[in-house]
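**Student:** In case you want the letters, here they are:
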Amino acid sequence: MELKSYNVSPFKLKLEDYIGIAPKIDLLIIQKLAERFAGRKFLHINSAKSGGGVAEILQRMMIILSGLGINARWEVIEGNGSFFDITKRMHNALQGNPEQISQDMWESYYEVNKSNAEKIDLNADAVLIHDPQPAPLIDFKKSGLWIWRCHIDISNPHLKTWNSLEKYVEKYDAAIFSVSKFAKDIPLDKFIIPPAIAPLSNKNRELTKTEIENVLATINIPVDKPIILQVSRFDRFKDPTGVIKAYRLVKRYNDCMLVLAGSTATDDPEGEKIFNEVKEYAGDDQDISVLLLPPSSHIEINALQRAATVVLQKSLKEGFGLTVSEAMWKGKPVIGGAVGGIPLQIIHGVTGFLVNSVEGTALRIRQILNNPDMARKMGENGREYVRRNFLITRQIRDYLSMWYIMENKGKSVLEL
Amino acid sequence: MEEIKPFEFRQCITIIKATGKKAKTLREFKDRIADASDESISHHVYHYFQKEKRILEYTNDFAQWAGETLKENILAEQLSNVDPYSFKSVNDLRDEIVGVIDAYLKTFSKTRAVLSGDEFYFNEGVTLVSPVGMQVKNLAEFLIAIRYAELESIYYHFYEARLRPPVEVDDFSHWFGDALNKTGLADRIRSIDPFMHSLEAARQHIIELVEDELKNDMEKF
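The listed protein sequences correspond, in order, to chains Y and E. Residues in the first sequence are numbered from 1 upward in steps of one, following my numbering. Residues in the second sequence are numbered from 1 upward in steps of one, following my numbering.
Just chain Y, with the same shape it has in the complex (with noise of 0.2 Å):
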């Protein structure tokens, strides 16, 4: 097993990239905050290195902290596949899911994040522990505050895990939720920090016409018919065969396309499974595209994303849902379920609409279809409501905002 540190590339994007692009208060709060943490080690851990929202954020994170003069790394815990099987249970039953974890899955688990423990340098001022993963590192705590960050829905968990995990969770400093009410009643700090998109990225950063039309070339999507599209992992919990039944319904008024885009992550076994599922149960239907892309696939989700006319988050369970945003700056209307982080990105009617239902998905693409003026009023509500709350900039300041807090414990005002 060998460990990779991903520390950072000096010659990328800085802070001062996002001049003109982000909130100015979000970079003078970050500058103040990060004269007072120059120099100061500020890791982060999680379990995956590519493939989902949490990656994503940090590869570029540590660019901009780095930038800043903050000694910032990120080191990517290992495990094997049965690791990683116990852990997509742990998720599933974090998030309502009634599964199986016998005491030896939670004994391997612990070994497993033991023997990282002993590989990687745990040496900070302050560390972020990125979800249930590696949550048992918090026993090999050498020095500085130890932050747990939860990115997942656990409002409702299967309860004999979440006594499980509450046992590491509870040693930590603080822990950090996406929203409030995904905050469990424990007794440290718990912070409320949403998560956030990175507009520079190749996912998000503005693509030219001709760029958008080679893309979809290859990827073999048509261009000639309104596309709805859901991008997400092959996940149960993201309703992906309740997207096809509003589709279905919609294609009775409406002639369009379906696309279903999503790619693979090392730390979700399930997702092919999920796949072959959905392939399956969309059948010969021409105007379904289901697509099963390389984490890499970054540019070509971006390309979807802005040659969709209306982009679907149809969740059933979400820890937070980042493609909403994504598409949000993009200038889209997004349909999402009322779920976990989505209401928190979605003011319905305005950016968007809220769904319960499959039938209410439908009707909600049927209206954006047929009013596109409203459709592009909202696209426009939705890049300046990103633009304000769901930055990484935004993220960064919250994150570095929460270690000044945690140092000056006590105060409910804290001059800068």
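Treat the hints as calculated values from the structure; they're not laboratory data. Please note that the accuracy of each hint is not assured.
[As the list claims (entries may be wrong)] Per the computed footprint, the stretches of chain Y lying under chain E, defined by three or more beta-carbons under 8 Å from a beta-carbon of chain E, are:
{"#": "1", "stretch": "28-36"}
{"#": "2", "stretch": "62-75"}
{"#": "3", "stretch": "303-309"}
{"#": "4", "stretch": "395-404"}
{"#": "5", "stretch": "409-416"}
[Unchecked claim] Residues on chain Y that point at chain E, a partial pick, calculated with CB under 10 Å:
{"#": "6", "residue": "K24"}
{"#": "7", "residue": "I25"}
{"#": "8", "residue": "R40"}
{"#": "9", "residue": "S155"}
{"#": "10", "residue": "I192"}
{"#": "11", "residue": "L200"}
{"#": "12", "residue": "R388"}
[Said to hold, decoys possible] In silico DSSO-like pairs for lysine-lysine, Cα to Cα no more than 30 Å straight-line:
{"#": "13", "chain 1": "Y", "residue 1": "K411", "chain 2": "E", "residue 2": "K215"}
{"#": "14", "chain 1": "Y", "residue 1": "K160", "chain 2": "Y", "residue 2": "K141"}
{"#": "15", "chain 1": "E", "residue 1": "K5", "chain 2": "Y", "residue 2": "K409"}
{"#": "16", "chain 1": "E", "residue 1": "K5", "chain 2": "Y", "residue 2": "K32"}
{"#": "17", "chain 1": "Y", "residue 1": "K14", "chain 2": "E", "residue 2": "K51"}
{"#": "18", "chain 1": "E", "residue 1": "K22", "chain 2": "Y", "residue 2": "K171"}
{"#": "19", "chain 1": "Y", "residue 1": "K377", "chain 2": "E", "residue 2": "K51"}
{"#": "20", "chain 1": "Y", "residue 1": "K160", "chain 2": "E", "residue 2": "K22"}
{"#": "21", "chain 1": "Y", "residue 1": "K167", "chain 2": "E", "residue 2": "K22"}
If you're wondering where the values come from, they're calculated on a predicted model, not measured in any experiment. Cβ atoms here follow ideal geometry from the backbone N, Cα and C, with glycine treated the same way.
Please arrange chain E on chain Y, whose structure you already have, making use of the hints.
**Tutor:** Below, chain E alone, put in the same frame as chain Y:
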């Protein structure tokens, strides 16, 4: 001639902390408010004005949840009429809110519970304040600066300032009256109803009033 005290633009953000407490029914809601920390009451009432998503028919998180989620519209209207800046302490404000809910429960005792996930979640806020790097010495400079300022700056000076002793009025009108001796303009700024405007709308009102003042000043010559 005495030097004019410049106005320094500042701004603030709020980092939210969850308390882990929630309420599913109106009675639970009342009990939790009665037990909530001062920081939690302040967050749900005073920090409400920072929110872009706020629905302008209500004036605090408590009223919004009562109206939007609990569907107790009369209570939402009553809670919206509580003026949070008229109390000497957060405790007095809390007593008033609890009193309004108590009185409502005496008339409408059968209230429903909300669905799981729609509960009221009690949070607290930690405010970080920083200078913007803009100082102005007269109305013309002020007009340029306020147009350039972020909404977080408008919030800090027009809303948050009302909680800061000993002045307890918005910073703009205080500076106009105190440093520029523009008491008429100060009064007009104070007559803007803070509860009925978004931050952007409040900024536009202030700009209009300052423009009128400048126009009048120029016409005097």
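**Student:** Which hints, by number, does the structure contradict?
**Tutor:** 2, 3, 8, 11, 13, 15
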